[in-house]
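Q: Chains as they are written, first to last, in the UniProt record's numbering: chain A, 1 to 480; chain B, 1 to 480.
Do not rely on the hints blindly, as some may be mistaken.
Given that identical chains are not distinguished, each listed pair holds provided it fits within a single copy or across any two copies.
Straight line, CA to CA, 30 Å or less: simulated BS3-like cross-link-like pairs of lysine-lysine [what the hints assert, rightly or not]:
no., residue 1, residue 2
1, Lys311, Lys343
2, Lys221, Lys89
3, Lys238, Lys221
4, Lys238, Lys63
5, Lys385, Lys311
6, Lys89, Lys63
7, Lys446, Lys89
8, Lys446, Lys288
9, Lys446, Lys63
10, Lys343, Lys89
11, Lys221, Lys446
Treat the hints as calculated values from the structure; they're not laboratory data.
Number of protein chains: 2
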Amino acid sequence: MTEDSHSHENEDLQSILERITYLLRKYRLVEGLVRLQDFPRQDLVGSIIQKQNLASLQNVLDKLHPADIAHILEVLPLEDRLFIWGLVKTENDGEVLLEVSDGVRETLIADMGSSELVAAAEQLDADEIADLAPDLPSEVLEDVFRALPLEEREQLRAAMSYPEDSVGALMDFDIITIREDVRLEVVLRYLRRLGELPDHTDQLFVVDRNEHFKGVLLLNKLLVTDPDVMVSDVMTAKIIKFHPYDRAQQATQAFERYDLVSASVVDVDGTLLGRVTVNSVLDFIREKAESEALSQAGLSEEEDLFAPIWKSVRNRWAWLAINLVTAFIASRVIGLFEDSIEKLVALAALMPIVAGVGGNSGNQTITMIVRAIALGQVSTDSTLKLIGKEIGVSLVNGLVWGSIVGLFTYLIYQNISLGLVMALAMILNLLLAALVGVLIPLTRIKLGRDPAIGSSVMITAVTDSGGFFIFLGLATLFLL
Amino acid sequence: MTEDSHSHENEDLQSILERITYLLRKYRLVEGLVRLQDFPRQDLVGSIIQKQNLASLQNVLDKLHPADIAHILEVLPLEDRLFIWGLVKTENDGEVLLEVSDGVRETLIADMGSSELVAAAEQLDADEIADLAPDLPSEVLEDVFRALPLEEREQLRAAMSYPEDSVGALMDFDIITIREDVRLEVVLRYLRRLGELPDHTDQLFVVDRNEHFKGVLLLNKLLVTDPDVMVSDVMTAKIIKFHPYDRAQQATQAFERYDLVSASVVDVDGTLLGRVTVNSVLDFIREKAESEALSQAGLSEEEDLFAPIWKSVRNRWAWLAINLVTAFIASRVIGLFEDSIEKLVALAALMPIVAGVGGNSGNQTITMIVRAIALGQVSTDSTLKLIGKEIGVSLVNGLVWGSIVGLFTYLIYQNISLGLVMALAMILNLLLAALVGVLIPLTRIKLGRDPAIGSSVMITAVTDSGGFFIFLGLATLFLL
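Using the sequences and the hints given, assemble the complete structure.
A: This is the structure in structure tokens:
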């Protein structure tokens, strides 16, 4: 990360700065921030670069919010990225590492020495170190661990012990605790002595002498209430609280439903452990939605846009292989009917229509069901009702589209039985799609799996092979 | 909505209550809430129903948070849903209508009289009425409008004028404004006089006499600062602010990046209009992610799980029709080569493999690009670089998978040229998929369209028709 290890020519530097300037302009939003407000953007490309004034570039970076630096790093190709990374202030390193995407983080960490990594991690809170931990070399993690004060060491150990999708993984320890048997005036004085409150503090946590959670005092309440009143008289005792092993998904639902800013996390015997804030919920929702969208398309993980080719290949490998296997099976199903196709070659041209529309319809069904499951709208006793409805929809669609397709088939091939077989095959494959579209996610739920993952590949496999089999089978039975 | 218009038998009532009890148990989360804490769940099914004690059921509903009532309504079949809806307290009607999904809201509104709707809407803030407005009959909206005080009438007019995906549509008017030339003590006294602060108040908005926005006073700052200090000395003047016509997407990015709880909205001449809070951002993100997932699967909108069949059919109609058209085109491409297939029927069995793997790989590429665009990581000058990388990935994948598929083809059909043609077709179709996978979203962006919508259908259309054409064309050239 030393600057002189990079031999950046004038032009390189210029193009990086043009890039950054472009980004700053584009995200007009960001202009409101103090950090970006203060430097003369117009002059950047001109004066700074021509003088190769690295110090000025560094000055710009110093004024940026870590999230903005992270964004810039993500957008830059590897070489430029590492060059800029070398200019980022050491005390910002930790925050930036937290903000960048997984793929980019890997490239940054690979570029850092152990001592730099330890220094970066030490800038962070225990819960943040825990987020970073899986990407850190183990000797770095040990050094960080040893350097922490006892309390934070405990927190780090706890934070690292919670499963990825649990409330514990979203939890932080930035809580201010107070007692219930004091006047608000005392609380106000205590806060003034603290001099600063953690971000997202919308409530203070009331505990007894054993750290048992008693309730919360909302800051909004504190502000509007007479300072002579006791905490116990205005605190909210019955309030949403989570256990660290609750599913994170549950917490996000509660935040959405009840519009929370922060919520308390307690262990089984009621000891206050920490809190979850709306911003970690926001991050979680975003990541979850993204990883679902990626896995839907057959990508294992988020990709660094400038990752080397072999890394991208590896990321896309698994699903392509699965897809190839299912395509092979479908191909063998067709292979069973080669004699029929030889006799009536129109079958070859028509069969992909049956398979394709079935796949499309099945994906509609499965998406609806997966979504309803995620929202908790599906219970096992509604399975039959759902199957009934989906079959009804498929029947209507099958009759309508089947007739149209049958008619076209007749018009093209002047063969009325072929048209009828085509129509019937469409109807049957849509029914199959509906049935399997409901059953796949419900079965996965029963087996304790995530109903979303791989659902699209599975339904397409069924409607492809099934569609070919139904159509070619019917044709063999009735036409030959 | 009168109770006696429903002739619910004992058993019906029992099953509804079992359903509700089940839901309450399942969402253990909710137990923390005051609203649910207070009633004896065990007794519900037993005592209440046997006495047909409607009042008790109503009592339960009265204690539930509107979001929980909304959830219960969404999960119940239509008849039960309307029965429960009849029991909900009128003063909760507005909030519940806001919380339910679009499809369910329609069924509830259809069940209500004009005067009930007016009463429900009048419970809400101007920005909330604006959210509801598209679903309200116009005469109801007019009545509501007339009943509002002048200021709120203006707010409603403004809120309804902003486009759906703008910051204005997320904005609310629950702001507390103060002047900069007063001491904090005055502010504190002012707040106490107010007696209550709006939800999500994490900052007060500092304006001058002309309502021009000067900055914000963070509550956290107010709490820790000496009351003798002037507002102007502790307020934050350089702060993120939005214009109502900014894209909502921009606001959500800022909330995520800078971990905001609320942010101010000002018009072009700097007048403070309102604020955006993190909970409306949360709702927006969720809705956006959902509508993308739905459109990805070819559903026009979110579906009420218990919608009548014809409604679901309509919802899925459009994409099925498009899919059918593209499938027809692919079918005609195959039709061009019927002579070749007749001569070598193995082609019919093999061609779906080429098309299928191409579609899968194309979807991977397009998903990655769409995501990168959404995160602002793609600029036009990186187009060539991206195409280069995707083509590289495809080439690797094509060589590997193409060889495997070619080998299998040879093993099955004992025809070495067929194997070679298969391998070559795979490689070419994967290259086509990569090229088109980058170009489709980038072209849509250039045309000012949403790159995500319909991208999957388009790429599949290209890789299907293209795959068939490449494979059958090569086979015709080299094998026959």
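Q: Tell me, please, which holds for Lys238 and Lys63 at an alpha-carbon limit of 30 Å: within, between, both or neither?
A: between (43 Å within a copy, 13 Å between copies)
Q: Is it within, between, both or neither when you check Lys221 against Lys446 at 30 Å Cα-Cα?
A: So Lys221 and Lys446 fail the 30 Å test inside a copy (45 Å) and across (50 Å) alike.
Q: For Lys89 vs Lys63, is the C-alpha pair at or below 30 Å within one copy, between two copies, both, or neither?
A: Answer is within: at 10 Å inside a copy they meet the 30 Å cutoff, but 53 Å across does not.
Q: Can you tell me if Lys446 and Lys288 fall within 30 Å by alpha carbon in one copy, between copies, both or neither?
A: Answer is both; intra-copy 21 Å and inter-copy 29 Å each pass.
Q: Is it within, between, both, or neither for Lys238 and Lys221, if the alpha carbons may be no more than 30 Å apart?
A: Both: 15 Å inside a chain and 28 Å across chains, each within 30 Å.
Q: Checking Lys446 and Lys63: alpha-carbon separation at most 30 Å within a copy, between copies, both or neither?
A: neither (52 Å within a copy, 33 Å between copies)
Q: Using 30 Å as the alpha carbon limit, work out where Lys343 and Lys89 are close: within a copy, between copies, both or neither.
A: neither (74 Å within a copy, 70 Å between copies)
Q: When Cα atoms must be at most 30 Å apart, do Lys221 and Lys89 count as within-copy, between-copy, both, or neither?
A: between (40 Å within a copy, 27 Å between copies)
Q: Should Lys385 paired with Lys311 be assigned to within, between, both, or neither, using CA atoms and 30 Å as the limit?
A: This pair counts as between: shortest inter-copy Cα distance 16 Å, intra-copy 45 Å.
Q: My question is about Lys311 and Lys343: at a cut-off of 30 Å on alpha-carbon distance, are they close within one copy, between copies, both, or neither?
A: neither (47 Å within a copy, 42 Å between copies)
Q: Within a copy, between copies, both or neither: where do Lys446 and Lys89 come within 30 Å Cα-Cα?
A: Answer is neither: 50 Å inside a copy and 37 Å across each miss the 30 Å cutoff.
Checked against the numbered hints given earlier, the structure breaks hints 1, 7, 9, 10 and 11 and satisfies all the rest.
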